[in-house]
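In order, the protein sequences belong to chains C and B.
So for the first sequence, the numbering used here puts the first residue at 1; every next one is plus one.
So for the second sequence, the numbering used here puts the first residue at 1001; every next one is plus one.
Honestly, the hints are just simulated from the structure, not real lab data.
Idealized CB from N, CA, C, for every residue including glycine.
Any given hint could be a false lead.
[Stated by the list, open to error] Partner residues are not named here, just some residues of chain B that face chain C (Cβ under 10 Å, in silico):
{"no.": "1", "residue": "D1048"}
{"no.": "2", "residue": "S1051"}
{"no.": "3", "residue": "R1071"}
{"no.": "4", "residue": "K1074"}
{"no.": "5", "residue": "L1100"}
{"no.": "6", "residue": "P1102"}
{"no.": "7", "residue": "G1267"}
{"no.": "8", "residue": "Q1305"}
{"no.": "9", "residue": "S1340"}
{"no.": "10", "residue": "T1345"}
{"no.": "11", "residue": "I1346"}
{"no.": "12", "residue": "A1355"}
{"no.": "13", "residue": "E1358"}
[As the list claims (entries may be wrong)] Restricting the straight-line Cα-Cα distance to at most 25 Å, the calculated cross-link-like pairs of lysine-lysine (PhoX-like) are:
{"no.": "14", "chain 1": "B", "residue 1": "K1074", "chain 2": "C", "residue 2": "K248"}
{"no.": "15", "chain 1": "B", "residue 1": "K1115", "chain 2": "B", "residue 2": "K1237"}
{"no.": "16", "chain 1": "C", "residue 1": "K249", "chain 2": "B", "residue 2": "K1074"}
{"no.": "17", "chain 1": "B", "residue 1": "K1074", "chain 2": "B", "residue 2": "K1297"}
{"no.": "18", "chain 1": "B", "residue 1": "K1258", "chain 2": "C", "residue 2": "K13"}
{"no.": "19", "chain 1": "C", "residue 1": "K7", "chain 2": "B", "residue 2": "K1032"}
{"no.": "20", "chain 1": "B", "residue 1": "K1115", "chain 2": "C", "residue 2": "K7"}
{"no.": "21", "chain 1": "C", "residue 1": "K7", "chain 2": "B", "residue 2": "K1423"}
{"no.": "22", "chain 1": "B", "residue 1": "K1258", "chain 2": "C", "residue 2": "K27"}
{"no.": "23", "chain 1": "B", "residue 1": "K1115", "chain 2": "B", "residue 2": "K1208"}
{"no.": "24", "chain 1": "B", "residue 1": "K1378", "chain 2": "B", "residue 2": "K1423"}
{"no.": "25", "chain 1": "B", "residue 1": "K1004", "chain 2": "B", "residue 2": "K1237"}
{"no.": "26", "chain 1": "B", "residue 1": "K1209", "chain 2": "B", "residue 2": "K1040"}
{"no.": "27", "chain 1": "B", "residue 1": "K1421", "chain 2": "B", "residue 2": "K1208"}
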Amino acid sequence: MSSFSHKIDEWMKEAEARPESAVMIVKLVARRLRELTERNEELLTENIALQNGTRVEEYQKRIAHLEYQLDLLKRRFGADESLLTKLPTAPPEISTLSLLIYNSYGRILRMEINAEAQTLGHLADETLQNSEQPRLLAVPSNEEVLLLFTSGRVSTCAVDSISMVEIGGEWIWERAALDDEPRAGEFLACIMPVSRLPLSEFFMQVSRRGCVKKTVTSMAQSILGNHYLGKGALQTSDQPFDIALCQKKDRFAFVTIEGKLLGLDVDEPSYSAEDRIKLTASDYVIASFVPHAEESMLFVTQTGKVINREHDSLELSKSALAKGHALIPPSRLEQGVRFIGAASVRETDRIAVLDSQGKLNIHEAGSVTGAGSIEAEGLTGVAVSIGVIRAETWNGANP
Amino acid sequence: MSVKVGIDFGTSNSGVAVYDGARVRLLPVDPKNVLPEVIKTVLYITRDYRSLIGQEAVENYYRDNVNRQRRYVKQWVGEIDVRGADMHYVRDIYVYVDELKPGRLLQYLKTALRKEGYEGTQIFERYYSVGDLAKTYLSLLKQRAEGVLGEPIEAVTLGRPVKFSESPEQDHKAQETLRSAAQAAGFKEVDFELEPIAAALDYEQSIKKPQNVVIFDFGGGTLDIAVMRLGEPNKRKVYASGGVDIAGSDFDRAVIEKRMLSHFGLGQVKLQPEIMSMIHAIPDWMALPEMGTPINKNILDKAIQAGISPVRMKALQGLIYNDLAFTFYNRVETGKIALSNNGATIINLEDKDIALWELYTRHQFETDIYHYLIDVEKVLLDTITKSGLEPGSIDAVVKTGGSSSIPLFTEMLIRIFGQEKVKQSSSFTSVVAGLAIKAKMQG
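With the rest of the complex left out, here is chain B (with noise of 0.2 Å):
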């Protein structure tokens, strides 16, 4: 017999659970992590197509990469026809491929599902779809469940935003993408939950009177909203849903634009458009393993040869020629995390030619992200007021998802609703664990 099981298929980070009717069971599907039970949303996929999640796709990543030997060959890979009014002919075009590069980590699987004119990526020889790419996750991650499980698991409740994108077609789309990506990683029956509405199922598993609750998710990917009625199971009611595309990864870029590129060469180097075009691409996780091309190389070599910012132009080849992107975007959200219970921290990365050290303070965080305290301010306004509730007749307002934690909105919940009805809720596991409730209840 096989089991429903519910899945948080999260922008940073996901989650198994199964529930029996009386107790939720999370998972532990990722033995390296230091929470077992949440496993990071990475995909690392071998030269020799072997694929890894979670953990294991780090370590692998990490050994693998960082400082390893380079060689760019350049390979074919198609023609243009060029036409003229009387003329005619075919160019080879040629990219430079390095091909000593024993694999390829990908992160935030879930923001491409919703990234417009994002349909997928080439990795070495074969193309991977948006698609492809989740149900490679998916299916590793189900084949991890099965094995604590010990039992095959042939339906799923998947959780989803509220919305995937502002336009109806696009968040069409990218729901239908994952449902075929579950179905193609072995799941049979495929159902969705809004994520929101997940964690309300889960907290409502704690409270012994009905209520007016606002569950605030604010994850790596998006800010979803559900103002609802619980308590009591059969008079359960959503009154609103409503969400954004603001959440961590948003932050994390603020923090690069706002504080790190001045360590590349922003503000030192002015009259060279292509490094210029390098250190813009540094906040962008898929534009910048993009760079480490050898005539960007190059260019970089030339520039610390001609003494413009030697020292910036030496850390950004580091930063680019090293593999050392995805370090230094865990060392920024690590460093965001931080201000989550402390007044500074330090954000750093010493490798070979790169020696960053910035001293960041809350207040600095607040001042770079106050612009989206007010989107998200709106946005939980509009829901509100959309659900026809006043915030005095709101009981609780359930925060979930690690952007949750941050001072900043926490402060602004409290503004609004009052202290004491702010509950904060396991912010990695709650909306698998309400997907698990959904999956039951539909099981």
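Next up, chain C with everything else stripped away, as it sits in the complex (with noise of 0.2 Å):
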């Protein structure tokens, strides 16, 4: 209080040595004055949220996702059962699988699947929405995933409350759920797992034009806070197309729709948006993973051909300005291959393939890649996209 008196004192000298001083020194604590009042008003408003209990419920909203999560992680790796009883967790729940086949409008059409099934049944309506083709993620029922829009929003919701359609049966996308509806101008880029985010270190993004992004996982709360974590793409026309967690050794992978396939060590990008492949004008990416060693990656083209390379292959990039190694060569391009789907996978894995036709089926990712191609008998017209059922997702699933 002193040291203030003292500086009042102080600007009383500088109005006495010039007086013309004194009216802008006036002027300055009367704005000052404003401020402090506004934010006053501020404070006292969020003091009344406070006091009537708005913030608790934000609170207790956030400490129960928490507790969600940290439930999940425990069922997922199998904390001792000891520990569990101590721990006042929910009731466990039994986890089925569920795939998700899901359009850029935000339509999300869910099934619970098992492991006997192979056919799943037929998307009656339109395969292409808005030029994309559907995509499909298998993922535990009891999980919970980060949907990201073009526009760089994002938000979650669980698997399970994603309303479900019935397996064999003939699903129109004006029956799918629609859980969080784009809003104007933006779609639905990609739907992503969140339950191993404790455990990861980055997200890293890729655009349709091969643009990469890397985000610390540490930033989850604010992002998820704020719902939103980026378009993650330099150019005004480019868009997100897909996400993935990575650990700190990782690499990172993607493929374009000719037939491009680029690696990426995570811990070598920026954490900023960067350009990562040169693509011609009609190229685009169409699939994203993080292959792991004892994987071996999977490249599906629209004809139903698997090329299957050792994880070993991947070439690594640090260049802005990579080509991307070629999968097949420019003659095959020429006559029209085109890739529609990429992942790293396991022979005990299972793949879902939906074909131009609609019909979802299922098939062992060992004879697949033994056969180099989807069977013939599965598929009615050209595939149009793929997706990865785990083993360990299917086996815990199906206990």
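Put the two chains together into one complex, using the hints given.
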């Protein structure tokens, strides 16, 4: 207090030495007073929100979300039973496996699948929506997923909150769930499971034109709180395509429709969006994945042909001007061959394939890679989309 | 054919000019700056070792750094041999390194040349000596000047203060470091001129008859004074020159020490020596960035939790960990400059966790730097005495450099020499203009 009085004395001395300064001092103090009054009002409003419980509810929701994540982790990694009994957790749920089919308009079809199912049903609607193929994602039903929109907005939802369609039936997009409708001018870019989020280091985003952006997952709370991750694209005409969770030493790969494969060391890209590949005007990214050791990379063309490559064969690029590794010779491209999907799989995994007739079938990854193509009888048109069903999720979902 | 230019490698600002025998052309080497002929002496080196200077450096620094993510990793930097009477062991030494740091901004490169004990700095995996830093800056400045002129530049007249240092050895070392840096930057021919003499050559262009002139070059790093006979190029004479290590950066420091530290806990935190050392590092532009370690963050977190001046500790944490130091120093400098024209100004810094607001008057500023006035007046009078002239026989006192606009010093000059003799030349360009003239004379 005394130091403030001293300050006022000093201001007075300035006013005495140069009377014209007095007007300026009064103006500056008055402006500050106005700012502080406004700030005071904001704080009072915040105080009211705290007192009437609005903030408490908000924090309770956040705590519930964190508890849910913790619970998922415990179940996933088999935390010790004695430890589990000591902790107040929700009653254990029996997990099933859900297969999601979603389009860029945010429509999501969910079906719960079992180990025997091979022919899942039929999408009796346009497979191409907004010139985009539908995407497939297999995920345990008790998980939570993150929805990334082309504007860079994100939202989350629990898989079991998405309404289900029946296996073996005919589905149309209009009956599909619309969990978080895209806003004006935006589309749903992709869906990603988030249960591994606390164990991951980075979000790796790739855009349609091969722009890559890395974000540390320690920012997840702020990202989810603000519902914004960013587009991860440099050009305004570009848009986000896919997102994956990575560890520090992981590799990240993406594939284009014209069969260009590009691998990256996850440590290497910076934390801002950067171009990583030079693409022709007609080329764009159609799949991305995180290849792991003991897995092989699988690339599928629209005719059902499967190219299988060893994990070790992935060449890592450091240049922004890379052209990518060509999966097929130019002559095959000229013949019209195009890629529709790619993934990193183990032999025990399964692959869901959606064809242009809307038929959705499940294949053994081992037999597909062995045969070099998706079985002819299983494919009634050209393939449009694939999704990997991990063996561990399959086993976990079907004890 | 190559040209010879004059370069003012200033503490805060630099410039390049060329003289064709009739007219000095100041080169617009920083198109992004408000005055394109003036370029900030700042260097930004990115993690991939790209170097940027001037406004571009500042913009990139802000874009990449402010409120960015940080992550500290423990990095092995070496080992220490510990030897006792009957034992010997080797101990590994680790430091915490922010692996997400996108680049490093360096300012006061010229001060580094004369700073005793400062040999260089580690920037990511590379060590940059003081000479390397100056070379990097001069090399980019040369490229920009060549871009403007459209022809190669191979020779330069560089300005230098009257005294880089009070110690003759340190002074010689600083000049030779700068010479080597200029040569490494691609200048085949390098010579020097004292900055106040360069300013005098510029002033000489405007006078018709011979005069005894005092050049009062008061910039960001040093005060340089020259007493000269000007007006007849063949009979030009330097009666005396002098200088002292007092200038704009010292005034900024004084403002921070006396007025800003209380916003970060000075006076409220007393029994926490680690926090006190962080507070006292604030005025030191080299020390403050080094404070951003995880250990210090932990100390501040604990203090906040314990309720030890939490608002100020949060502000200190924000200043250190949100990379706001450069913004903060700029705000202080801007406030100081505003007081040259106004009786009062606001120094403020509003950011996450910081709400610094200080009404600062010219009276307060003059009180804070008054002790420097005594030193400056002494150096000025000593130099006049050394010249053998009386203040009454001085025809003009030419002020140049940013700090020469501070009213306290103008009033001192008026008091000694009389109002009509004190003249203001262009604060930021008279030295470089004079260096260009000198370059032509020697070239």
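Enumerated hints in conflict with the structure, sorted upward:
2, 4, 8, 9, 15, 19, 20, 21, 23, 26
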